[in-house]
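K.L.:
Next come the chains, spelled out residue by residue.
2 protein chains.
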Amino acid sequence: MAGWMEQELEQRKKGIPAGQVREVVEHMRQNQIDTVWDVQAAYDGEFLGLKDRCAFGARGLCCRNCEMGPCRLATGDVPQHLQLITPAINRSTCGKTVDDMVANMLLQTTIRGTAAHLGHALHLVELLSEVGAGTSALAVKDEAKLEALATALGVTAKTSAARATGVAQVLRTDFNGPRDGAPMKFVAVLAPKEASRLVKLELVPHKGACELIVEATHSTAHGMTNAAFKLLQWTLKLGVLDMVALAVSTEIQDILLGKPNVGTSHIGFDALDPAKVNIVVHGHYPPLAEMVVEAAHAADAAARNAGATGVNVVGLCCTGNEILMRHGLKTLGNNLQQELAIGTGLVDAMVVDVQCVFPSLSSLVGHFHTKLVTTMGELHMEEAVHVPMGHTAEETHKAAAKIVALGVEAYGKRDKGKAFLPKTPGKSLMAGFSVETLVAVLSKLDANDPLKPLIDAIANGTVTGAVLLAGCTSPKVQPDMSHVAIAKALIKENVLVIATGCAAGACARAGLLQPEAAAQAGDKLKGLLAALGKTAGLPGSLPPVLHFGSCVDNSRVVMLLKALADRLGVGVDKLPAVASAAELVTEKAIAIGCGALALGVTTHVGVAPKVMGSPFVVTTLAKDLEQLTGSKLIVAVDPKEAAGEILAELRRKRTGLGLN
Amino acid sequence: MAGWMEQELEQRKKGIPAGQVREVVEHMRQNQIDTVWDVQAAYDGEFLGLKDRCAFGARGLCCRNCEMGPCRLATGDVPQHLQLITPAINRSTCGKTVDDMVANMLLQTTIRGTAAHLGHALHLVELLSEVGAGTSALAVKDEAKLEALATALGVTAKTSAARATGVAQVLRTDFNGPRDGAPMKFVAVLAPKEASRLVKLELVPHKGACELIVEATHSTAHGMTNAAFKLLQWTLKLGVLDMVALAVSTEIQDILLGKPNVGTSHIGFDALDPAKVNIVVHGHYPPLAEMVVEAAHAADAAARNAGATGVNVVGLCCTGNEILMRHGLKTLGNNLQQELAIGTGLVDAMVVDVQCVFPSLSSLVGHFHTKLVTTMGELHMEEAVHVPMGHTAEETHKAAAKIVALGVEAYGKRDKGKAFLPKTPGKSLMAGFSVETLVAVLSKLDANDPLKPLIDAIANGTVTGAVLLAGCTSPKVQPDMSHVAIAKALIKENVLVIATGCAAGACARAGLLQPEAAAQAGDKLKGLLAALGKTAGLPGSLPPVLHFGSCVDNSRVVMLLKALADRLGVGVDKLPAVASAAELVTEKAIAIGCGALALGVTTHVGVAPKVMGSPFVVTTLAKDLEQLTGSKLIVAVDPKEAAGEILAELRRKRTGLGLN
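Protein chains in written order, with this note's numbering: chain A, 41 to 700; chain B, 41 to 700.
Keep in mind the hints are simulated off the structure, nothing from the lab. Check before you lean on any hint, since a few could be wrong.
The list makes no distinction among identical chains, and a pair is therefore deemed to hold if it is satisfied within one copy or across any two copies.
Stated by the list, open to error - No more than 30 Å apart at the CA atoms, straight line, and that leaves these computed lysine-lysine pairs for DSS-like:
1. Lys-225 <-> Lys-247
2. Lys-247 <-> Lys-438
3. Lys-198 <-> Lys-233
4. Lys-240 <-> Lys-442
5. Lys-247 <-> Lys-442
Based on the provided sequences and hints, a complete structural model is requested.
P.N.:
Right under this line is the structure:
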């Protein structure tokens, strides 16, 4: 795909989308406070046509593994003027080709993404174990879900506590081993029954998850694997492992925090209440945030003593999505709104757990009164107070209370002259969808075979197919707008659109999570959404984009696809389903994308990943992979082009199933 | 340390050291076959003064973690003309400062190095377990060492097999967990009794080793830890873990393959025998190489049938060091000789296991008849046949026989017209030193307190101190010569010099592993070496540089320091001992260096690591660390300057102990 860099620039030139975000960015610029938008603008500023992000690194054509390097290779579409000032060699000092170099770096990226999700899951397994032991502040909230998972994993304990302990033990063995060659038990929970491709391609995790990360990392080190195909195989295998980590996290979170509830809420900076102590919970690991929500209720008197009318806990990023879908709490926004949140001057405490927390927050809080609070061992920040959740009920309650107290204390130092809320109002939204809520609605149509109405709708063309919009929002394009443009194009063509994470936030800011937005859908889909809304007992239609939760909850969609595939007796790769990470940022998004590809789901990305320098990697992922996994990578920066390719893929899959 | 890049260039300008290496490189150049030397030369070629390795990456001032990037920061000593074409920003898109960026990259590098050593150790633990089960082709060769390790780890089994199984189980738990908060048992084997600094700085591994790698990796991902000090703390902790992995590997290798034996052998390309089938074993994991040595004896008839006079197994890199120190087999050389080995046209099979295997071998073998054989799951190469060792005696014997047969078959295709051996002869050497051999000699002087003679020699100034020369050889300087120059300068000042890995090879090529070279030592050391040679029953003196084995065997030196520290009742940081990796290349060298620093051993590097862009990281490691660990990093490219700084550090430590 030539011209991707120019296309990204073209998208960027459209600027910051109008509305709340642009208002806050402009306000901060007036006050000389830089954000991610300004760094991107600096990279776009030109000097002799040369200022830009590194053309080598952007294509993956650089290796810094060992101390003989760094090495960079000026091949392919690296601009001419850079080729002139780079040695005319086609290998690294140790002899890596462009393909090895790019595949090595892709694997390293996927390792970081998978390690992040695995770390998240490991913490939850530990928490489940503490709940089983009765020492935790948390308890089992969804006994049925725990029982189902215990059964699936062969845990036959009779009490809730014993079940929690037993499930935690099985998962510990899956993650830490020793497994002595036994297959990872959880894979059976996740993978479709028809998984012969996974087995044939040796993509099923074959060791304890942590040891696999060590083995993959070892493979990327200096003087190790230099066969690009083997590195790609590793990458896809880690993708499967990543899916396991996601699904384990979602399952345990539902068990301990409760399943999502469909309901309405709000997105935008006006989620902040100028009269209240505003505590923002940000990150991806929600257990402590749940306790902060509880502790906030208990701190009303303290807040009033400090001159506020109460404590307002607001979500951000995926911890925001978690408390949104379980408690209907308002959300400020997503990854690109975190700096702006501080910029409103109304955030008294910003509590972060793990992942996607911009380091810039450390310097941003210096401009305001905001207390930055870190809570997890893997995420320490400068200028932050560290308040870990602890491992006992007492420690956790204490930590939550301390965090709220820090917020109340900071409120007293708030400079009202610095407070700023945009004039544009935020948006209402409907959220809290999941496999369970979907099946609950569908079972009202067919109690014996709840998936049948959905399968019929796909078969008869009422629904063209299903597309998951996932991943981050990115300043490398016009943020939000790739997701939104793709969503709008797809619903018009009667595609069932599910969104998670920041992608769901982008759709929410565009109003696509509102029932009224169903009017923008194609007639067939519109009819179905209205009918389902009625069946569900809602006042109106379902929204045309269904918010399925945090980015970890992409596993919910994998579970839905598994259910559909098993019901039809086919592999997931046969289903008319596509995933799209139109504005990917994180290594986690890469890992999830690789997992989707491995499982047979064609995946679109709308920001060119750092692999474009390797003809082999690009051709394999975008073309040859289809023969192996039944899926392929679509790289399309232009949202219109992306929507077209996604639709074409859905139709190809429909044709494969013998559907019109 | 300003000017490091210029100093590296100055060293490089001295060219390829005269002798065998230069002869083979020139021969290959005449035949238009490029090697690592040519890639380095291409980077050194100038065009408008701009061709070079990336000035950003070389200083660590570049981040490619996420898909918002890559980001690069033109700060510090990045050349002016590059500052002009780079945005004037002091943070990455997400807000990382130069310090966070550099510390993050250093941690990622250390993670890869530690994962490599951990992978090595995990394979050995599995092998020990198979030996315990009686299914392996290998067996316990050193019962006393197994018994000692079992005792140290609290394994009370009575039979050799049960001991092997028990030790493997304890180590599995150390590596994989779950450890449930219990300290890693092996740390007690390795760390000195006085280890309060390690504990205070939280550098003792606190979880299963594999899970620690996951946790550290998670910490480096997008939006995670951005406190440079915390990242450095992680880096040092992984250094300790790396030391554990090294020591476990050495212990099990000694148990299964036997302890080293002091003896004489040979280094150089003339280790290849033109009349024989030449099989080169290369890498770091020696078990299969041992079996290949055995299988070669059995293949004499086959070799004669093919027209050769026999099968000649020759070592390279650290697998070479392993079979050298246990069997006295000749070695071709080290990391920078691997390409040249193929270039002689005399290598029939190149058998690689893990680490430091240049990808360029895949294309080099295309010029010759050489069969490239990979043997481990983590190292696959293009153009290679994969022959894994397997997990049973039958599989392993079959694999070894197959490898030898591949060599014999390839011999039949050897083009004698392409054969080339340099005119310069190789060098004889003495190798096979270890803690055990040293203690055995010393105990002849004092049977009750073997370390006393050594301690007395240090105390009375006969020995100034001990320096370990470790790590790779690098084309970023004049290869070999940094090690050699430092070694010569130190022995003149009566420093006991120990060498491992490629550093030992460099000293060997310079003749410093020959007893006669003791003549170059200072008078006091010369006398001691002669006396010890006599005590040991050798015909002459000990050589002035003691070859302690492979790079994994750096752990032998750690064990020696632990023994000395425990005998004196002090921490290792009090001893007049320094480590030097004058020509570091691999991530493993970085990890080992961090381990040395964490344990309190001041460490010199002679190639500037990719951290020079961060004032904080440089100041912390090179200066402030001393207050914390009692050790510091010395970056000195010029060998003369390096030797001076190393000597000054030894004298500082002597003063600390109240010695002259």
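K.L.:
Taking the hints in turn, state whether each one holds.
P.N.:
Evaluation of the provided hints:
no.: 1; hint: Lys-225 <-> Lys-247; result: both (11 Å within a copy, 23 Å between copies)
no.: 2; hint: Lys-247 <-> Lys-438; result: between (38 Å within a copy, 25 Å between copies)
no.: 3; hint: Lys-198 <-> Lys-233; result: within (28 Å within a copy, 47 Å between copies)
no.: 4; hint: Lys-240 <-> Lys-442; result: between (52 Å within a copy, 26 Å between copies)
no.: 5; hint: Lys-247 <-> Lys-442; result: between (41 Å within a copy, 28 Å between copies)
Checked against the numbered hints given earlier, the structure satisfies every one of them.
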